[in-house]
Amino acid sequence: MTLTQLKARQQARIKAIAGPEPLRQRLVALGVLKGLQVSVSATSLLGNPRIYFIGKQQICLRSAEAGYIEVELQS
Amino acid sequence: MSDARSSYTVALIGNPNCGKTSLFNQLTGARQRTGNMAGVTVTSREGHKTWRGVDFHFIDLPGIYSLANSRVEEMVARDYLIETPPDLILNVVDANNLARNLALTSQILEQGLPVVIALNMLDELEKQGDSVDLSELSLGLAKPVIGSDGRSNSHISALMDMLLDNVDQQAEPLLINYEPHLEQAITSLEHAGLTRWQSVRWLESAGEGVALLSDDQREEGHRALAQLASRHDESPAEMVAEGRYGYIHGLLHKSSSEHQDQSAADHWLDSIALNRWLGIPVFILLLWVMFEATFTLGSYPADWIDAGVSWVGQQVGAFMPESLLKNLLVEGLIAGVGGVLVFLPNVVLLFFFIALLEQSGYMARAAFLTDNLMSKVGLHGKAFVPLVMGFGCNVPAIMSARTIEEPRARLITILINPFMSCSARLPVYVLLAGIFFTEHAGTVLFGLYMLGILVAFAIAALLARTIPEKHDEAFIMELPPWRFPSPRSMLLHVWDKAGDFLRKIGGVILVGSILIWLLQSFPQQGTPWLEQLGHFVAPLFAPMGFGWQETVALLSGFIAKEVIAASLVVVYQTDMNDMAGLQAALGSALAPASGLALMVFTLLYMPCLATIATIRRETGSWRWAGVSVMMGLVLAWIGAWLVYTLASLWL
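From first to last, the protein sequence lines are chains H and Y. Numbered continuously in the numbering used here, the first sequence closes out at residue 76. Numbered continuously in the numbering used here, the second sequence closes out at residue 662.
No wet-lab data here; the hints were simulated from the structure. Incorrect hints may appear among the rest.
Using 25 Å as the maximum straight-line C-alpha spacing, the simulated SDA-like pairs for lysine to any residue come out as follows [stated by the list, open to error]:
(1) Y:Lys265 with H:Leu24
(2) H:Lys16 with Y:Pro191
(3) H:Lys35 with Y:Gln181
(4) H:Lys35 with Y:Arg242
(5) H:Lys35 with H:Gln6
(6) Y:Lys387 with H:Pro23
(7) H:Lys16 with Y:Lys387
(8) H:Lys16 with Y:Gln181
(9) H:Lys16 with Y:Gly151
(10) H:Lys35 with Y:Lys60
(11) H:Lys8 with H:Leu24
(12) H:Lys16 with Y:Lys60
(13) H:Lys35 with Y:Leu236
(14) H:Lys8 with Y:His264
(15) H:Lys16 with Y:His260
(16) H:Lys35 with Y:Gln238
(17) Y:Lys387 with H:Ser64
(18) H:Lys57 with Y:Leu465
(19) Y:Lys60 with Y:Gln181
(20) H:Lys35 with Y:Lys387
(21) H:Lys16 with H:Val41
(22) H:Lys35 with Y:Gln273
(23) H:Lys35 with Y:Ser267
(24) H:Lys57 with Y:Gly151
(25) H:Lys35 with Y:Ser241
None of these values were measured; they are calculated from a predicted model.
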């Protein structure tokens with residue numbers, strides 16, 4: 002599943018990051034890396050964009066970008 | 012140190028929101044702003060400090076996450092380090108997000124540059140119950156590390172001593188062990204004549220970020236990238252990052268205690284500010300409170316200034332013999348300048364609130380809340396900062412649109428900025444709303460700002476449909492933690508803005524007032540020139556119920572919007588040269604509907620000279636400046652006429 006499918010209060014881990022090269026570089030620079038724990042922090046009124054806890058930071062992403070981030074649920 | 016020099020250059024580098032600019036201000040005493048939003052510092056700033064007889068020249072580079080990305084700020088920093096390497100780098104590191112901040116540090120260390128590390132915001136970290144062992148970290152990095160705090164000056168002398176001790180630091184490039192395939196690629200690039208750090212940089216930026224390569228080197232570089240791509244799904248950027256973070260985690264394992272998540276207070280604030288249903292109402296409420304407070308709190312000191320100005324006017328009136336000079340002083344200068352000076356408290360309050368939004372971290376949250384709406388009109392959340400800054404002054408606001416990379420979104424942000432009602436227009440509203448809508452002045456004020464925003468969005472939507480789209484820039488934004496703004500930096504900021512306002516009063520407004528008075532007083536027999544001009548243009552404004560006085564005031568506002576208020580004071584020369592007199596005169600000359608229309612016209616009509624010049628500079632053509640002027644005039648006329656017509660029915 003991708004980050005966009007993650008529901009509130011679910012915990013997941015980043016499995017892979019796809020997408021165009023500039024986007025991947027941008028995410029890496031912000032410290033969005035494989036293996037990090039993610040959860041949903043906030044959802045805007047219309048559901049897009051959302052804010053995610055990624056590692057220890059909060060990052061705001063639109064669905065277009067979040068859709069490139071593959072995650073796996075954690076129990 | 013045989014060749015001891017007397018001056019050194021130190022560059023400040025760090026992630027956005029790491030407190031770098033606050034530290035820069037402390038070091039140099041320069042009066043600048045720290046924004047809590049990524050990329051407020053786009054161009055580098057410079058300052059000086061003399062310490063123990065040595066002159067330090069400080070450069071505040073833009074906040075960046077990496078030296079390998081191809082964004083504007085990053086290229087500025089990267090080119091600076093290569094083209095004019097400083098004697099020493101002061102790397103400011105946010106202790107609350109050590110790993111990511113140290114990723115940038117590791118890039119600097121790989122490049123073999125001399126570095127001192129300032130571990131910033133340790134107090135926040137300690138509040139969370141975490142700690143960092145500075146000496147252990149220093150040992151691991153093999154660089155001096157010192158604790159710092161943008162809110163107190165206590166550590167500055169220790170930091171300056173540390174800089175002084177390190178001006179001749181001999182730096183060895185850091186060597187990080189990367190994944191074997193990556194190492195292979197690095198080795199092949201080294202064989203082609205690149206240094207190790209250049210090879211790493213080439214790979215992590217996928218063929219950018221390294222300048223001046225020969226054709227052979229370039230070819231070898233692309234071959235290495237192609238080979239990596241065939242062996243791995245991950246991008247080289249990710250692979251390099253894994254190596255960096257591996258190195259960093261090894262370091263922190265020894266020096267840093269494990270981190271907790273967001274603090275309870277932050278969590279609570281975010282649960283309200285970012286709440287799906289409450290977020291936007293809270294945002295609108297905050298804006299309303301801001302404008303209401305700007306009006307009501309500002310009115311007390313405004314009354315004192317008003318009393319002071321009238322007193323001065325009366326004294327001059329009583330002691331000077333009757334002459335043209337006396338008239339110039341009392342009716343032109345004191346009335347005009349005093350008429351605008353009265354609004355100093357309102358303007359200062361408005362800037363105070365904007366700085367509060369920015370420094371507390373709310374601005375980035377508001378960008379999140381408004382992103383969806385913004386995306387409907389071809390913008391994104393990032394355009395939000397220039398728009399809110401426009402409430403202060405359109406000139407820096409338009410310049411701050413540089414942070415938006417996508418050319419179309421940037422152009423739209425620039426063109427709609429003048430509709431964000433700047434603080435220069437505030438005096439006109441405060442004056443008129445105080446006369447015609449005494450009971451609901453704050454609400455009228457809020458309504459005007461909202462109208463400005465609505466018009467801005469409508470125009471943005473229109474422009475988005477006419478200007479061809481280029482690639483859409485991704486909206487990725489880090490949310491800074493909530494921060495209690497430091498009283499010191501807030502005070503500096505407000506002091507700075509008050510100074511700007513006073514300088515403007517002493518310059519443009521002074522000259523404008525004298526000019527208006529001259530045109531008003533000559534020729535001494537017959538109709539004054541100003542009145543003739545007013546009558547000539549007035550038919551254009553008659554549909555809104557404006558007299559020649561308002562017409563003249565609006566014409567003069569082209570120089571600077573504050574001049575509108577000054578002109579009204581001068582043309583409505585009342586016997587009493589105080590606000591009450593003007594209010595009475597205006598109140599009897601204008602219908603409330605016309606008063607409202609005058610405010611709307613002031614809100615929407617063409618930008619002031621300085622803004623037009625800025626639009627021209629930032630868009631690179633007179634064409635867009637012209638579009639902005641025409642758009643403003645047409646919209647203002649239609650808007651004011653509509654408001655006048657509708658309000659006449661109700662009021």
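Violated constraints from the hint list, given by number and in increasing order: Per hint list: 1, 3, 7, 8, 9, 10, 12, 14, 18 and 20 violated.
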